[in-house]
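There are 2 protein chains.
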Amino acid sequence: MLQSLLLSVGWLNSSTSLLAVAIEGEGFGKALAIAIGLTGLALLLTSAVFEELAARVGLPSVLGNLIAGLVIGISGLHILVLEGGEVNTSFISLIHSLTHVDLEVIKEVFDGPVKTIFENYAELGVGILLFTIGLESDLEDLLKVGLQSAMVAIVGFGLPFVLGFFGLTLLFHVATLPALFAGAALTATSIGITAQVMQDMGVLKSKEGQIILGAAIIDDILGIVILAVIISIVETGKIDVGNGISLILIAASFIMLAVLMNQFFGSWFVEQSEKLKSPKSIGRGAFTLLLLMSVIAGSIGLESILGAFAAGLVLSSTKYKEIFIERSSVLVNLLATVFFVSIGSKTDLSILNPSVPANREGLIIAAFLIVVAIIGKVTSGFFAFSEEKVNRIAIGTGMIPRGEVGLVFAGLGAATGVLPPSIDVGIILMVIFTTFLAPPLLRIVFKSSESTVVETPEVS
Amino acid sequence: MLQSLLLSVGWLNSSTSLLAVAIEGEGFGKALAIAIGLTGLALLLTSAVFEELAARVGLPSVLGNLIAGLVIGISGLHILVLEGGEVNTSFISLIHSLTHVDLEVIKEVFDGPVKTIFENYAELGVGILLFTIGLESDLEDLLKVGLQSAMVAIVGFGLPFVLGFFGLTLLFHVATLPALFAGAALTATSIGITAQVMQDMGVLKSKEGQIILGAAIIDDILGIVILAVIISIVETGKIDVGNGISLILIAASFIMLAVLMNQFFGSWFVEQSEKLKSPKSIGRGAFTLLLLMSVIAGSIGLESILGAFAAGLVLSSTKYKEIFIERSSVLVNLLATVFFVSIGSKTDLSILNPSVPANREGLIIAAFLIVVAIIGKVTSGFFAFSEEKVNRIAIGTGMIPRGEVGLVFAGLGAATGVLPPSIDVGIILMVIFTTFLAPPLLRIVFKSSESTVVETPEVS
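If you read the sequences in order, they're chains A and B. Numbering follows the working numbering, with no gaps: position 149 of the first sequence is 149. Numbering follows the working numbering, with no gaps: position 113 of the second sequence is 113.
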């Protein structure tokens with residue numbers, strides 16, 4: 001009966017094509033949901049396997065995540081493809097057979113939204129990780145070692161830059177601009193990787209941990225300044241000293257702001273949140289502050305994660321500190337993993353293939369850069385002047401990983417077309433090597449150390 | 001010195017345009033970070049204000065979220081624009097002045113990634129909400145009231161559909177196909193809204209709560225079946241009975257699977273996770289199961305959130321139940337808010353404007369649909385046969401909100417072009433009205449009820 005009723009409506013045919021559009025839209029959403037779910041599953045399962053292996057042989061979980069990224073990323077199965085390359089066709093076929101959505105639509109889903117979403121998880125993850133690092137920090141301790149941190153940062157910034165720049169220009173006859181980019185990439189320190197390893201080992205609150213943290217923050221700021229300077233050189237042919245100085249002043253003001261807010265704002269803010277009737281307001285308040293500080297940092301040209309760290313620092317003297325740390329650990333547990341896996345997934349090991357000529361040159365340059373990268377940062381540890389005994393090797397080792405910051409420099413250099421392939425390969429290999437080397441090295445140097453290890457409970 | 005060095009390189013000029021590309025890419029990322037941060041801040045602050053107001057006048061926080069969505073969505077400030085319409089130009093200018101990124105690039109950022117990311121948060125939020133609802137459910141209680149839930153679901157599905165379809169065709173002389181879509185939209189129940197309100201009130205574990213939950217799940221499955229049937233009618237002009245039956249069988253198998261997994265798999269799975277050395281493995285294991293069940297549900301044509309609910313149910317008899325609930329609450333607290341605000345933000349109140357002729361007709365049809373929507377669902381509550389005293393009015397009221405499910409029906413109908421404007425307006429108004437009405441109504445009927453209120457601690 002219904003059938004004949006419907007057929008009598010008459011305009012069924014005219015609307016069919018419009019429905020097709022609607023159903024195609026439906027297919028996009030369906031394919032997206034399944035694509036995110038399966039990519040997420042692959043990410044979680046692979047990192048579970050390699051974290052477990054890392055735990056059993058006594059290596060840090062971060063290394064397990066990085067290797068998981070190699071396995072599912074552009075060097076391996078092509079399941080998590082965040083930049084460059086195509087997603088594994090078998091994986092696309094699997095989603096096609098589950099959803100019956102057109103292959104083309106599934107490819108579109110992977111090209112756009114899936115990348116956007118996993119990049120966003122990764123950024124959120126490292127942001128919340130830095131927020132908890134800020135929460136776990138003690139402002140007084142950080143300020144107490146401020147001078148030592150500054151010395152470590154300046155030496156760990158200047159030495160690799162100078163050695164790298166003059167080594168490349170004088171020994172390898174590399175042109176000035178690529179040598180500048182390579183030098184800049186050598187200055188970077190990945191605060192995320194070192195902080196996560198130290199947090200897992202419970203040495204974040206040791207004197208060494210606080211010096212590394214402070215130095216990594218200063219290093220990040222110096223890195224942003226050098227990047228701005230190099231870009232102004234490429235753009236205008238001139239060094240914009242004014243811009244560099246104003247960036248340093250802005251960064252210093254931001255740190256001052258965080259210190260003042262820690263003293264005069266954090267506890268007041270939490271008390272105000274407490275007064276609200278809505279039961280969720282305290283946690284929401286903290287997250288609002290995290291977003292706000294990240295936006296401020298991003299707006300004034302700093303990295304957003306420095307804002308997240310500052311927000312954690314502001315709340316680190318409040319009575320909810322421990323609760324905030326515990327609650328954030330749920331997000332860190334899931335999302336920081338995405339961040340570390342994503343670093344591994346973007347790592348292209350095919351540049352190790354020596355049958356490509358640029359790779360052979362790159363390997364030689366990489367060997368040089370790696371030596372400079374390690375010597376420069378390890379030396380910086382010895383500038384942590386202190387009357388107390390501190391493990392200076394551990395401090396220098398903590399500064400070694402270039403991680404995501406190094407990749408930003410390499411990526412920006414490559415995108416400008418300024419870098420010859422061999423230098424590009426050399427920088428990327430240096431970033432990979434220092435990033436993968438640092439977690440196991442850190443474990444060794446902290447284990448053999450006289451540092452005051454404060455055991456923090458492991459989060460599950 | 002460096003300047004002259006650089007100028008002597010010579011190929012500075014040729015690389016400038018390439019650098020512009022790189023910097024533009026950088027600008028996109030920067031604009032995206034700030035856009036997400038500021039949109040997130042607007043969302044959190046607005047919902048904080050309206051949740052607080054709701055808490056002070058004794059209304060559910062969900063209503064506060066929905067109203068916050070009206071304020072920042074397409075009916076208000078145009079800050080959170082997930083479908084249709086343009087983002088507020090002042091908001092775009094603000095981001096431009098903070099980032100110095102081109103206005104066009106910022107618009108692109110809002111058109112693509114920002115929508116994708118907030119939609120994703122919303123979906124993740126409702127998924128994890130349903131996961132905790134599953135965790136808090138007691139399988140035995142659910143099965144005990146299974147027959148009552150089925151009765152409530154069938155009546156609450158059939159009655160509004162029949163009343164709506166024949167009312168529209170006979171009284172309003174609406175054509176068959178639009179009347180079918182309107183009837184189908186009347187059958188929906190938003191499990192998310194009712195579950196959140198009941199969870200906040202601590203009545204989720206009452207007999208009424210479990211009946212509503214069971215009925216809403218069955219209703220969801222019936223809704224998917226009717227949608228598939230209507231689409232096959234529009235596509236082929238025939239009712240595909242086989243497809244409808246196979247969908248019901250698949251859904252029944254999935255529910256059976258969840259029941260069996262609850263009995264034989266959940267505790268074993270948790271014990272295996274416990275054995276792993278990696279400290280994060282238990283929480284990760286739970287999240288992996290959540291993703292897996294969602295993907296399975298999505299693949300067999302069910303809603304992903306039913307899979308999330310099933311995953312919660314599977315883990316609800318394990319010893320980690322309380323820990324999982326507590327940990328998930330952090331994610332729910334942030335992300336379910338995004339979900340409810342997003343529903344409000346998509347609500348277009350301009351269709352209330354009576355100066356548009358289709359709106360006047362729509363208002364009359366809406367009035368009819370709203371009456372049918374409420375009568376149909378409230379009546380269904382009386383079919384919860386029970387020897388014990390149960391609050392049947394509360395059960396029926398719990399089924400009233402159409403929420404996101406109703407919007408899916410309306411959206412699909414509108415996209416087909418099958419719906420005349422007045423019917424489209426009528427359906428949307430019905431969805432809005434029932435969605436906004438249900439939270440305060442639920443609070444009234446449960447307060448005046450004889451239901452066994454089990455107080456659960458509020459999560460912060």
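Since the hints were made in silico from the structure, they are not lab data. Treat the hints with caution; some may be incorrect.
One copy or two, either will do: identical chains are not told apart, so a pair holds if it fits within one copy or between any two.
[Stated by the list, open to error] Within a straight-line C-alpha distance of at most 20 Å, the following computed SDA-like cross-link-like pairs (lysine to any residue) qualify:
(1) Lys277 x Val330
(2) Lys321 x Ile393
(3) Lys277 x Leu53
(4) Lys275 x Phe264
(5) Lys107 x Ser299
(6) Lys144 x Phe28
(7) Lys277 x Leu59
(8) Lys275 x Lys389
(9) Lys277 x Glu52
(10) Lys319 x Glu140
(11) Lys115 x Pro354
(12) Lys321 x Gly242
(13) Lys277 x Met201
(14) Lys115 x Ile300
(15) Lys389 x Gln148
(16) Lys277 x Gly58
(17) Lys115 x Val105
(18) Lys275 x Leu139
Fair warning: this is a prediction, and the values are worked out from it, not measured in the lab.
Hint check results:
Proximity of Lys277 to Val330 under the C-alpha cut-off of 20 Å is restricted to the inter-copy arrangement: shortest distance 18 Å between copies versus 25 Å within a copy. For the homomeric pair Lys321 and Ile393, neither the shortest alpha-carbon distance inside one copy (31 Å) nor that between copies (45 Å) is at most 20 Å. Taking the shortest Cα distances, Lys277 and Leu53 sit within 20 Å of each other only across copies (9 Å), while inside one copy they are farther apart (47 Å). In this assembly of identical chains, Lys275 and Phe264 lie within 20 Å of each other by CA distance solely inside one copy; the values are 18 Å within and 46 Å between copies.
In this assembly of identical chains, Lys107 and Ser299 lie within 20 Å of each other by CA distance solely across copies; the values are 18 Å between and 34 Å within a copy. Taking the shortest Cα distances, Lys144 and Phe28 never come within 20 Å of each other, neither inside one copy (55 Å) nor across copies (39 Å). For a Cα distance limit of 20 Å, the shortest separation of Lys277 from Leu59 across copies, 12 Å, qualifies, whereas the shortest one inside one copy, 46 Å, does not. Taking CA atoms no more than 20 Å apart as the test, Lys275 paired with Lys389 passes in neither setting, with 46 Å inside one copy and 39 Å between copies.
Proximity of Lys277 and Glu52 under a CA criterion of 20 Å is satisfied inter-copy only: 6 Å between copies versus 43 Å inside one chain copy. Within a single copy, Lys319 and Glu140 get their C-alpha atoms as close as 16 Å, which meets the 20 Å cut-off; across copies the closest is 41 Å, which misses it. For a Cα distance limit of 20 Å, the shortest separation of Lys115 from Pro354 qualifies neither inside one copy, at 30 Å, nor across copies, at 44 Å. With identical chains, the CA atoms of Lys321 and Gly242 are never at most 20 Å apart, being 39 Å at best within one copy and 58 Å at best between copies.
For the identical chains of this complex, Lys277 and Met201 are inter-copy neighbours only, at 14 Å across copies versus 39 Å inside a copy, given an alpha-carbon limit of 20 Å. With identical chains, the CA atoms of Lys115 and Ile300 are never at most 20 Å apart, being 27 Å at best within one copy and 25 Å at best between copies. In the homo-oligomer, the alpha carbons of Lys389 and Gln148 lie at most 20 Å apart inside one protomer (13 Å), although the nearest pairing across protomers, at 72 Å, exceeds that limit. Proximity of Lys277 to Gly58 under the C-alpha cut-off of 20 Å is restricted to the inter-copy arrangement: shortest distance 10 Å between copies versus 47 Å within a copy.
Both within a single protomer and between protomers do Lys115 and Val105 lie at most 20 Å apart by alpha-carbon distance, with minima of 15 Å and 18 Å respectively. For a Cα distance limit of 20 Å, the shortest separation of Lys275 from Leu139 qualifies neither inside one copy, at 26 Å, nor across copies, at 38 Å.
Hints 2, 6, 8, 11, 12, 14 and 18 from the earlier list are contradicted by this structure; the remaining hints agree with it.
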